[in-house]
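Asks: Protein sequence lines, in the order shown, are assigned to chains A and B.
Under my numbering, the first residue of the first sequence is numbered 3, with each subsequent residue one higher.
Under my numbering, the first residue of the second sequence is numbered 212, with each subsequent residue one higher.
A hint or two may mislead.
To be verified - Computed footprint of chain A on chain B; a stretch qualifies when at least three of its residues, placed anywhere within it, have a C-beta under 8 angstroms from a C-beta of chain A: (1) 264-278; (2) 303-310; (3) 316-326.
To be verified - With a cut-off of at most 20 angstroms between alpha-carbon atoms, the simulated SDA-like pairs for lysine to any residue come out as follows: (4) Lys16/A to Ala276/B; (5) Lys95/A to Gly29/A; (6) Lys281/B to Lys317/B; (7) Lys11/A to Lys95/A; (8) Lys241/B to Leu92/A; (9) Lys213/B to Gly88/A; (10) Lys51/A to Gly88/A; (11) Lys95/A to Lys281/B; (12) Lys317/B to Tyr282/B; (13) Lys213/B to Lys51/A; (14) Lys281/B to Arg236/B; (15) Lys95/A to Pro316/B; (16) Lys98/A to Glu328/B; (17) Lys98/A to Gln224/B; (18) Lys213/B to Ala94/A.
If you're looking for bench data, these hints aren't it; they were derived computationally from the structure.
Beta carbons are placed, not taken as given, at the ideal position from N, Cα and C, and that holds for glycine.
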Amino acid sequence: MSDLHTINKSPFEKSSFDSCMEHVLEGSAVLLYEDGVYAALKGTAAEGKVKSVQGVKVYALGPDLNARGLQEERVIDGVEIVDYAGFVDLAAKHDKVVAWV
Amino acid sequence: MKFAIQINEGPYQHQASDSAYLFTRTALEKGHEIFRVFFYHDGVGNGTRLTTPPQDDRHIVNRWAELAEKYGLDLVVCVAAAQRRGLVDDGEAERNGKDATNIHPKFRISGLGQLIEAAVQSDRLVVFGD
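Please take these sequences and the hints and turn them into a complete structure.
Replies: Structure representation (structure tokens):
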């Protein structure tokens, strides 16, 4: 079973990012979008969790990074930036989409 | 692939409707099918035809309606959420003795069963909002 987990809240605002990272299974993927993209930034308290999660690919939505003035250089190495077409592809590729709210 | 979309937030307050719109439009452009878009909780606010944003702002309601026109989308508003928030069609106006309606003609009011059916009939349910 491979799920796509979506997170739309900043890790500094709500616990949805922390909860997701504690429950996500190997082989699944996490997409950070809306204010969730703040978890994709280098040098924050979220960075360790993004880097240490085993066998889970983390993505961030490019248009939402851009809307917040967050440059690509600030994104953690290994986090892949996707556009809406990439978001649709991820939703289609995984067995289901789990929204952490 | 067949997608169902659920939107739980109102327009101009939360990014959910914008995110859902861009996801839905992109999925349609890529050749996927959208079985239904279900507006729940404050999401019912996306369906009022009386919305009038400033001219230099996006018109969230009309944008959904235009997408529905182009692709034959089924835009469904939850009846209980709509009644609480004063979103009314002809049937609800009649039933509840209201003197006006405000639903956009490209939207329709129906029950939660429509969300369950969309989830069952689609390959994926994608939820936007809190």
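Asks: State for each hint whether it applies.
Replies: Taking the hints in turn, this is what the structure says about them:
1. For the segment 264-278 of chain B, the stated coverage by chain A is not satisfied: 0 residues place a CB nearer than 8 angstroms to a CB of that chain, which falls below the threshold of 3.
2. For a cut-off of 8 angstroms, the count of residues in the segment 303-310 of chain B with a CB near a CB of chain A stands at 0, and the three-residue condition is violated.
3. Check on the segment 316-326 of chain B: 0 of its residues sit with their Cβ under 8 angstroms from a Cβ of chain A, so the three-residue criterion for coverage is violated.
4. The hinted pair formed by Lys16/A and Ala276/B fails the criterion: a straight-line CA distance of about 33 angstroms is larger than 20 angstroms.
5. In summary, the hint linking Lys95/A to Gly29/A is supported, as the alpha carbons are separated by about 12 angstroms, within the 20 angstroms threshold.
6. As the CA atoms of Lys281/B and Lys317/B are separated by approximately 11 angstroms, the hinted pair is consistent with the 20 angstroms bound.
7. Proximity of Lys11/A to Lys95/A is assessed by CA-CA distance (about 23 angstroms); at most 20 angstroms being required, the pair is judged violated.
8. For the hint linking Lys241/B to Leu92/A, the alpha-carbon distance of about 13 angstroms falls within 20 angstroms, and the restraint holds.
9. This hinted pair checks out: Lys213/B and Gly88/A have alpha carbons roughly 16 angstroms apart, not beyond 20 angstroms.
10. For the hint linking Lys51/A to Gly88/A, the alpha-carbon distance of about 23 angstroms lies beyond 20 angstroms, and the restraint is violated.
11. Distance restraint check for Lys95/A and Lys281/B: the Cα-Cα separation of roughly 26 angstroms exceeds the 20 angstroms cut-off, and the hinted pair is therefore not satisfied.
12. With a C-alpha separation of about 12 angstroms, the suggested pairing of Lys317/B with Tyr282/B holds against the 20 angstroms cut-off.
13. A hinted pair counts as satisfied when its Cα atoms are at most 20 angstroms apart, and Lys213/B with Lys51/A does not qualify at roughly 33 angstroms.
14. For a cut-off of 20 angstroms, the pair hint linking Lys281/B to Arg236/B stands: about 10 angstroms separates their Cα positions.
15. Between Lys95/A and Pro316/B the alpha-carbon distance is near 34 angstroms, which puts this suggested pair outside the 20 angstroms criterion.
16. A threshold of 20 angstroms between alpha carbons decides the hint, and for Lys98/A with Glu328/B the separation of about 16 angstroms falls inside it, so the pair holds.
17. Proposed proximity of Lys98/A and Gln224/B is contradicted: the alpha carbons are some 27 angstroms apart, above 20 angstroms.
18. The suggested pairing of Lys213/B with Ala94/A holds, with an alpha-carbon distance near 9 angstroms, which does not exceed 20 angstroms.
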